[in-house]
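Could you fit the two chains together into a complex? Lean on the hints.
Residue numbers (numbering that gives the first Met the number 0), protein chains in the order written: chain A, 0 to 646; chain B, 0 to 170.
Any given hint might turn out to be false.
For each label pair, taking beta carbons as the anchor points, the in silico distance ranges come out as [said to hold, decoys possible]:
#	chain 1	residue 1	chain 2	residue 2	range
1	A	Ala64	B	Thr147	36 to 42 Å
2	A	Ala248	B	Leu105	28 to 34 Å
3	A	Arg75	B	Arg156	54 to 60 Å
4	A	Ala37	B	Ala132	54 to 60 Å
5	B	Arg156	A	Ile81	54 to 60 Å
6	B	Arg156	A	Asp66	42 to 48 Å
To be clear, the hints were calculated from the coordinates, so they are not data collected in a lab. Using N, Cα and C, we set each Cβ at its ideal position, and we do this for glycine too.
Spelled out from the first residue to the last, the chains are:
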Amino acid sequence: MSDSRLGVADAAGSAADRAALEQVRGLLLGEDRARLIALQQRLEDPERPVAELAGALSDAVRLRAEDERFIAALQRPVDQCIQHSVERNPQGLADALFPVMGPAIRRAISEALKGIVQSINQAVEHSISVKGLRWRIEAWRSGTSFAEVVLKNTLLYRVDAAYLIHNDTGLLIEHALAETQTTLKDEDAMSAMLTAIQDFIQDSFTGANEGLESVEIGGRSLWVLRGPKATLACVITGMPPRSLREQLADTLRDLHLSYRKQFEAFDGDKSPFAGVEPLLQDCLTLAYRESSEDKARVSWLPWLLVGLLLVSGLGWLGWTQYLWDQRLDAARSRLEQAPGLVVVNWRPSGGRRVLLLADPLAESPAVVMADAEVAAWLDLQTRPYLSADAPILLQRLRQQLAPPATVTLNLSGAVLHVDGQAPEAWIQGLSALQVLPLGVDRMDLSALNREATDLLARVQAAIDPPTGVELTLDAAVLSLTGVASWDWINGLAESVAELPGLVGCDNQRLVVAELRQAEAIVQDLNGMLFAFGESNKLLPDAGPRLDQAAAQISELLALQQTVPFGLEIDVIGFSDQTGTERWRAWLRERRAEQVIRQLGERGVPTAILHPLPGPGFEPSDDLAAVAEQAQLRVQLQPVPLPPCWVR
Amino acid sequence: MESRKICILGDFAVGKTSLVQRFVNNQFSDKYLTTLGVKVDTKQVALDDGRALKLAIWDVAGTDTPTQLFLRYTRGAAGYLLVADRTRPETLEACVRLRDAVAGTLRPLPYVFLGNKSDLVDQCRLQQGIAQARLPDALDWLETSVLTGEHVELAFRRLAAGMLSKPPSQV
Ligand SMILES: Nc1nc2c(ncn2[C@@H]2O[C@H](COP(=O)(O)OP(=O)(O)OP(=O)(O)O)[C@@H](O)[C@H]2O)c(=O)[nH]1
Ligand SMILES: [Mg+2]
Numbered sequence: 000m001s002d003s004r005l006g007v008a009d010a011a012g013s014a015a016d017r018a019a020l021e022q023v024r025g026l027l028l029g030e031d032r033a034r035l036i037a038l039q040q041r042l043e044d045p046e047r048p049v050a051e052l053a054g055a056l057s058d059a060v061r062l063r064a065e066d067e068r069f070i071a072a073l074q075r076p077v078d079q080c081i082q083h084s085v086e087r088n089p090q091g092l093a094d095a096l097f098p099v100m101g102p103a104i105r106r107a108i109s110e111a112l113k114g115i116v117q118s119i120n121q122a123v124e125h126s127i128s129v130k131g132l133r134w135r136i137e138a139w140r141s142g143t144s145f146a147e148v149v150l151k152n153t154l155l156y157r158v159d160a161a162y163l164i165h166n167d168t169g170l171l172i173e174h175a176l177a178e179t180q181t182t183l184k185d186e187d188a189m190s191a192m193l194t195a196i197q198d199f200i201q202d203s204f205t206g207a208n209e210g211l212e213s214v215e216i217g218g219r220s221l222w223v224l225r226g227p228k229a230t231l232a233c234v235i236t237g238m239p240p241r242s243l244r245e246q247l248a249d250t251l252r253d254l255h256l257s258y259r260k261q262f263e264a265f266d267g268d269k270s271p272f273a274g275v276e277p278l279l280q281d282c283l284t285l286a287y288r289e290s291s292e293d294k295a296r297v298s299w300l301p302w303l304l305v306g307l308l309l310v311s312g313l314g315w316l317g318w319t320q321y322l323w324d325q326r327l328d329a330a331r332s333r334l335e336q337a338p339g340l341v342v343v344n345w346r347p348s349g350g351r352r353v354l355l356l357a358d359p360l361a362e363s364p365a366v367v368m369a370d371a372e373v374a375a376w377l378d379l380q381t382r383p384y385l386s387a388d389a390p391i392l393l394q395r396l397r398q399q400l401a402p403p404a405t406v407t408l409n410l411s412g413a414v415l416h417v418d419g420q421a422p423e424a425w426i427q428g429l430s431a432l433q434v435l436p437l438g439v440d441r442m443d444l445s446a447l448n449r450e451a452t453d454l455l456a457r458v459q460a461a462i463d464p465p466t467g468v469e470l471t472l473d474a475a476v477l478s479l480t481g482v483a484s485w486d487w488i489n490g491l492a493e494s495v496a497e498l499p500g501l502v503g504c505d506n507q508r509l510v511v512a513e514l515r516q517a518e519a520i521v522q523d524l525n526g527m528l529f530a531f532g533e534s535n536k537l538l539p540d541a542g543p544r545l546d547q548a549a550a551q552i553s554e555l556l557a558l559q560q561t562v563p564f565g566l567e568i569d570v571i572g573f574s575d576q577t578g579t580e581r582w583r584a585w586l587r588e589r590r591a592e593q594v595i596r597q598l599g600e601r602g603v604p605t606a607i608l609h610p611l612p613g614p615g616f617e618p619s620d621d622l623a624a625v626a627e628q629a630q631l632r633v634q635l636q637p638v639p640l641p642p643c644w645v646r
Numbered sequence: 000m001e002s003r004k005i006c007i008l009g010d011f012a013v014g015k016t017s018l019v020q021r022f023v024n025n026q027f028s029d030k031y032l033t034t035l036g037v038k039v040d041t042k043q044v045a046l047d048d049g050r051a052l053k054l055a056i057w058d059v060a061g062t063d064t065p066t067q068l069f070l071r072y073t074r075g076a077a078g079y080l081l082v083a084d085r086t087r088p089e090t091l092e093a094c095v096r097l098r099d100a101v102a103g104t105l106r107p108l109p110y111v112f113l114g115n116k117s118d119l120v121d122q123c124r125l126q127q128g129i130a131q132a133r134l135p136d137a138l139d140w141l142e143t144s145v146l147t148g149e150h151v152e153l154a155f156r157r158l159a160a161g162m163l164s165k166p167p168s169q170v
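Only chain B is shown next, with the shape it has when bound in the complex (with noise of 0.2 Å):
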């Protein structure tokens, strides 16, 4: 079977880790224990075309600017869930710039943004099209919740058959 590299890039408490806990173990925890360097877990996702793939997902520290540290840990990534925090739009930015450094230091990788913590409904100052703006070279734009689960399966796919479709040798 074939694996693959992928790496959850964004700011601090974004919901990264919660994000993957929610895709591998199907779990949500409202406690929040900051990562610390990377945690990897891996987790099998069957696409719409019938084949399966090995996700190795690296769920790297939150960061607003991308470290030398932060660019070892996305090297050899096959592509990235970019997310932000919908209550807190200052993320955005800290996901442009990350973004901007990968495609920088390595290539342009298939990436896929995610507008997290949806549920909190009131809260919601970021708006997807401004994120649509900012990032116009995303392969989807998604509103997520891990408190929900909304979506987040749906990203997982979306980026796996992303990475497929358009494989980085090409590019």
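So that you can see chain A by itself, here it is in the shape it has in the complex (with noise of 0.2 Å):
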């Protein structure tokens, strides 16, 4: 308004004046002018405020992010824009929902299938029993699917009480029990360490955003659910399905949604939530199922003895069963493969009756299938008949010979080989038998010997003495006399043992060969002289003696390889009457000694050579006593007999 009527003022000014007015101005205003100029320019253009705006722009929006009605204002067109960018590009808006989407519906998925694999394990569970089978009919009339009916009759829990706790403080905001149950001593401590032990496994675990989810105390299980600002446990009984915990974060989600201020403020002071409780209430209502079915859960257990009594009984039944055919087998084959029975008939139509052909000289059926138990039991017929079976075949023929035991009779096939010794008589009346035998086509007698009839003969037969013994029997008791070899005397109890018709034999007046021939030996050697010089030397003329004795000595031996005689040789050292009586008996000792070395020279084992230093003192009527010499004197222990045999 000032402008324009400066205006009509400059219009009818001059120049000068209208410089003097503006130096009037700029006195005036002074520097306020410029910025009254700016001003005014700014007012002028229509972008400035636009820029100015932009600047401010975020920063009033936050300002009034709170206020209900800038949100209302703004909520159209923020729809508007966003469906106006859905349908102009889709594929935007979809790349940056892919994020948050992905693991939202990968979550969701995976929610479901936990579900699913819950709903068909209890299916699964429930479909073999015989409650199983009334809920399928069930299914079957009421034409829903079965695994539903099942979820129906089965979920039976309970969610026994509800606590809200604060997470930033761990308090408990608020809680809610069903009727039946008790308060905890401190539910506070209680929410306060549930808090601290998800602090503690949210920092154990770093980055898993997921905490603690349930825990198991006894039949119970608490489940926690973790919100931004609050936690929601639940003390629950029995076995809850998995959406109840979708449920039970609706919940969380509501209590969030309309508390979100007053839990941000929350200290400790729980008035602002007065209407928590219901809600909380709330949680323990919806859960609560009870069915009238849950006495006929243990229904099945009798039903279940009763099938497994029958089952077992049925079991030991079909045992016991297969265990007596076992054994009526076992009889059958025994029956079969025994001589002189046949099976014509067993059991015909499973039942008792086993008929049987028998030769009377075969075992008893009963025996033979040596199980008393069945035997009994079968119904057993038996029909003689006369069986080529070899066994049996071969106990008819001795019924029907009667070979003496000296006999023995084999079969190979149809013919007869009878071997051994007979008397006489038996023989004849075998040859001339008009018929063979039955299952007899032929008899080989070959091997069969008359008997001797003397017993002296049969004796001379058996022992066959060496020439120069003599055999006298007297009332069947043999005496035998003559010279033998050890060997033959010691066998001669075997050979005459067996003899029948001998009652004695009497070896006493036998003499052994080799021992005579010891005896020979020993005659010889006994006495044999080896006469000394003085002192411990032989004469010369002792050598071949020593080469004889030591040569006969090893024959004895020899001989006592075979006749255990007992062989001494004692080496007797004399001396004369000369020089003291401690000389002469050294000098006794060293001859005898002497010799003894010399034969051991000679090949005689010294061991059985034993030093006598001869007598001394005493004046022997003994030549040699008192000769320059030294003697053998060989003895033998005598050799008993071994005892014959006597009846």
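Below you can see the structure in the form of structure tokens.
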């Protein structure tokens, strides 16, 4: 307005006035003038407010972020914008949302799968029980799926208590209890500890955004649902379905929506949360479900027991039947293998009757079966017949021919071999048979010998005496005289033992041939002298004597190998009467030793040679006792004859 | 009734658990069982003005350096007792570190400083003056003894009163 007035004045005034006016203006307004001009320009510039608004817009929006009216005002344009954007370029939005939607969808799918797996588990569990059968019928009648019926009937659970816990402080904001429940000893401490545990877990498993989800406490579970500001903890009895978790999560979400600010400001004053309790109560009621079929749950047990009994009873029956059949089979095969028995008909139509052909000589079927119980149970019927089985045939031949004990009968095919010794009369009877016994085509008597009639001849044949031994029989007692070898005498007892008819044997008058030979040598050796010169030096002619003595002693030793006679050889040293007695004794000793050494050098084992100093002082009538010599004295221990058998 | 979360902070074996046990159950044991993680007890205190307050007392495992988990446990507390062992002066430095960490990550919380084990007179090497100089912003500095029970109750009441007169939201 003032400007326009100035304008009029300008139009009327001169240029000088204008200049003066400008000057006055400059004086009056000073620096403000430039600012006024700048302000005027800014008002006139259409771009300017927009630029300024742009600078302030973000701050302005932040200032009003909490204002409901502002939010309402923005809602429509934002909706429109998004709609428009999606219509124009859906891919852009999809790309932007993908990182958010991906995990959310994955999570939703895994939750759904968990639920399905649980239902399947229960369905499988119940599909084989009696109850399951009933539910199947119910499902079929009502036209719903079996799984649904199972779920309806089995998901018995109850949320006993619900606790709302503030995350930051761990303080209990509110809780609700089912009527049957008593309060915990200290819910506040419980909530705080639960929070501390959550803190601990989140700290330990860095990166994992999820904490503890559930805790099993005896038969109960504690489900923990953690929201951004508060945690919902529920104590649940029974088997809750997975879907319950979603319902509880919904409640927690609702609580967050309605009480977000209160949660943030919470410091222990519970008054702003007056409306929370009913919501928690809902958690209890919404999950409460009781089934009248609860008792039916145990009814399968008796059925199972009866079934088990039945099955085990049948099993036992089957088992015993099997064992019995095994025994019957064993008995049958024993009958079939037994000589002289033929199974004609075994238990026709499964009965007990058994028809047998039995040779009169065969063993009794009951004995053959070796199972008295089976034998008694079976109804055995036998018909007689004549068996050609070799053992039975032989038995019959023995009965018919009555061979003496010295005769053996053998069958090869239909040929009867008669071996051994038999009395003349029996052999004649055999040869005179007009008809061969049944089952025999030919008889072979080539190995059959006539039995010697004379006992002496039989003894002679049995013992085969060497020439020079004479046998005499006196009342069936055999006496032997003469010279025979040691071995033969020793074998006598055995060869004589089996002779029928002989009652005794006397061998004491027999002379052992080897012993007689040995005695001859001993006689030769005994008293053999070896002459010494002075001292203990043998005279030269002793050499050949020593050789002879050594040879003869060796012969004796060889004989001793056969006949165990004891051989003792003493070597006695002598001396004449000269010198002191000590000297003489020493000399006698040395001489005996000298001979022994000489013999030892000639191969005689010195162990059998015993040095024996000759007699000392006493004058002896024995000439040898005073001569310069040594003498051999040989003895044989007598050997008793082995006793021959005496009946 | 209102409730508050408070924490007991301090170095190892300064007597935090003992303090809580004395306060909650009026018991003392000379056995030392170190606290693992955290143990929470609750107790109601009647204030001088007739109001009652339920305290959720978080007995946090002793530490001289504030860990991530330590700070998690202190989150949401309305105040805390900061405990030093008067026979071990170095436990005061731990207190200063813990106080700074709490104030730095959360916000300055009201706290009461306790010089504990005052009954061990001969061994006391930590004077209250030093503590006052190092921790000037404490609500109070108390010489306590869990053994005799001296100032234990007082410590909790002082903290409770301090928390209510200066609500953390206004800081
Ligand atoms: N003499 C005396 N001993 C005390 C006092 N307070 C605590 N103690 C003893 O100090 C030891 C440690 O006590 P705690 O209460 O377990 O210590 P803490 O601070 O909880 O230890 P952490 O849990 O490991 O951090 C125990 O043996 C207590 O008996 C006190 O006032 N006087
Ligand atoms: Mg402790």
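Violating hint indices (sorted, rising):
Number 1 - this is the single hint that the structure violates.
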